[in-house]
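> Based on the hints, put chain Z with the ligand in the right spot on chain E.
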Amino acid sequence: MGLISAIEHVIKKPIWDCQMCGQCVLHDTGMTCPMTCPKTLRNGPCGGVRENGHCEVKPEMRCVWVKAEERSRTLPLMPEAWREHFNNLRPPVDNRLKGDSSWKNAMSGRDKETPPGWTPEPEAPEAEVEA
Amino acid sequence: MSRLGELLDRGNELIITGEAPVIDGGTLADYEAKLQELAPWCDAMNATDNTAAHAHASNVAMAIAMQRVGVEPILQVVCRDKNRIAQQADIMGAALHGVENICCLTGDDVTAGDESEARRVFDLDGPQLIRLANSLKEGRYLSGRSVGTPPPLVIGAVENPGTHPLDYRAQRAAKKILAGARFLQLQICYHPDRLEGFVKALHENGFTEKCAILPSVVAVKGAGPLKFMNNAVPGIDVPADVISRVADAETPADEAYQLVLEQCQHALSLPGVRGLHLTDFRKDGSMARLCNDLGIKPRTEREQHAHDRIVAV
Ligand code: SF4
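These protein sequence lines map, in sequence, to chains E and Z.
Using numbering that gives the first Met the number 0, you'd call the opening residue of the first sequence number 0 and step up by one each time.
Using numbering that gives the first Met the number 0, you'd call the opening residue of the second sequence number 0 and step up by one each time.
Derived from the structure by calculation, the hints contain no laboratory data.
For glycine and all other residues, C-beta sits at the position ideal for the given N, C-alpha and C.
Check each hint, because a few of them may be wrong.
[Stated by the list, open to error] Using 25 Å as the maximum straight-line C-alpha spacing, the simulated DSS-like pairs for lysine-lysine come out as follows:
#: 1; chain 1: E; residue 1: Lys111; chain 2: E; residue 2: Lys11
#: 2; chain 1: E; residue 1: Lys57; chain 2: Z; residue 2: Lys226
#: 3; chain 1: Z; residue 1: Lys226; chain 2: Z; residue 2: Lys282
#: 4; chain 1: Z; residue 1: Lys282; chain 2: Z; residue 2: Lys33
#: 5; chain 1: E; residue 1: Lys97; chain 2: E; residue 2: Lys66
#: 6; chain 1: Z; residue 1: Lys81; chain 2: E; residue 2: Lys97
#: 7; chain 1: Z; residue 1: Lys81; chain 2: E; residue 2: Lys57
#: 8; chain 1: Z; residue 1: Lys282; chain 2: Z; residue 2: Lys296
#: 9; chain 1: E; residue 1: Lys12; chain 2: E; residue 2: Lys57
[What the hints assert, rightly or not] Take a look, some chain E residues computed to stay more than 12 Å from chain Z by CB distance:
#: 10; residue: Gly1
#: 11; residue: Lys11
#: 12; residue: Lys12
#: 13; residue: Ile14
#: 14; residue: Trp15
#: 15; residue: Asp16
#: 16; residue: Met19
#: 17; residue: Leu25
#: 18; residue: Leu76
#: 19; residue: Glu79
#: 20; residue: Trp102
#: 21; residue: Met106
#: 22; residue: Ser107
#: 23; residue: Lys111
Pulled out of the complex, with its shape left as it was, chain E reads as follows (with noise of 0.2 Å):
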């Protein structure tokens, strides 16, 4: 582990349980680390969420995602824009990255780049779903 990484984890993990990813998405997901989901997912919850709210894998933990949709409407001071990526749909995980600094990643812009044959992310929907 570099200098930045090990930085990097010193920082992130006793505030948001950092994975060391390599790519970090916290700015979209309400600044809930998606890699302490079970599953991993970094497109939503799972359908197995409980009637508790609390997490199908583990049941005394409150799912991530749970939290996450809570917080990426409710926390204070998070840009608009941050809100809004909630929905986007993230590109399958390098694998290769983690235990990367994933600042390093971003200002070299290492942990935008996706499989060739992903294809780019559909429109933004133009109405929000209102449920």
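Frame of chain E, contents of chain Z with the ligand only:
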């Protein structure tokens, strides 16, 4: 194109899909016999992928077996057991045998099954898998390498309208539709208001024109399976009054039948619902009765009817 694909293209007729029973040991003839209760009513049936994290004959093998006995399969692909390489291989391998319908799921966790000590994979998640299937359909693997002749895949997914965060579920469904899902089989939902809210949000925002919404109904025979789903299947909540309605009835099997019938009628009455996804736990011949009571004709009759109408135009 698959029959399901043609139905989706035509855009207005009823669609009935069914959950095909799993098989472990046995022969093709055994499997064919198992399919017969539900198959005549279904446009296509799901070849499940180690459902509830229990090992069975594989999704691809069951899909091919279905083709061979004249039942149109929907290949279910989950993210729990295989990484993206194996998932692409399964979809392409099934397509080689003419299996074109794909249903993309995140999948339940290994802890739901009888081998909880297994490693969970989840290399991709459900929405990413939908996109991956679209890449294959467009002619390339995720690496960018050509697949040769692109398979004419008909891609669908699932969503649970009945669990938390409730207000967000329709947005997640919309995300899957935008990613390319043309049909959505919904998880069984014992809260009619939740199902209603979910479908309404999609319908009012125009998503039901792009995607066929198929609520699930599980035909149960008594209160046992209702209690089981409530206690053991995360994401399904069966209210106590629903359970007691069946449990305390004079003949629970009849009351359960009524419940199932009402669930189907309610789902079909919602604007934006295109059909049903049926699962048969009763195994007592009541699927024919149910479809009859709902006025749903066997698939071959519905097809003949549609054909006559098209010829007439
Ligand atoms: S319930 Fe929530 S935290 Fe648990 S596996 Fe599903 S999405 Fe992840």
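> Each hint should be assessed against the structure and marked as holding or not.
Tested hints:
no.: 1; hint: E/Lys111 <-> E/Lys11; result: holds (20 Å)
no.: 2; hint: E/Lys57 <-> Z/Lys226; result: holds (21 Å)
no.: 3; hint: Z/Lys226 <-> Z/Lys282; result: holds (18 Å)
no.: 4; hint: Z/Lys282 <-> Z/Lys33; result: holds (10 Å)
no.: 5; hint: E/Lys97 <-> E/Lys66; result: holds (24 Å)
no.: 6; hint: Z/Lys81 <-> E/Lys97; result: holds (19 Å)
no.: 7; hint: Z/Lys81 <-> E/Lys57; result: holds (21 Å)
no.: 8; hint: Z/Lys282 <-> Z/Lys296; result: holds (19 Å)
no.: 9; hint: E/Lys12 <-> E/Lys57; result: holds (20 Å)
no.: 10; hint: Gly1; result: holds (26 Å)
no.: 11; hint: Lys11; result: holds (22 Å)
no.: 12; hint: Lys12; result: holds (22 Å)
no.: 13; hint: Ile14; result: holds (23 Å)
no.: 14; hint: Trp15; result: holds (19 Å)
no.: 15; hint: Asp16; result: holds (18 Å)
no.: 16; hint: Met19; result: holds (17 Å)
no.: 17; hint: Leu25; result: holds (17 Å)
no.: 18; hint: Leu76; result: holds (22 Å)
no.: 19; hint: Glu79; result: holds (17 Å)
no.: 20; hint: Trp102; result: holds (24 Å)
no.: 21; hint: Met106; result: holds (25 Å)
no.: 22; hint: Ser107; result: holds (21 Å)
no.: 23; hint: Lys111; result: holds (16 Å)
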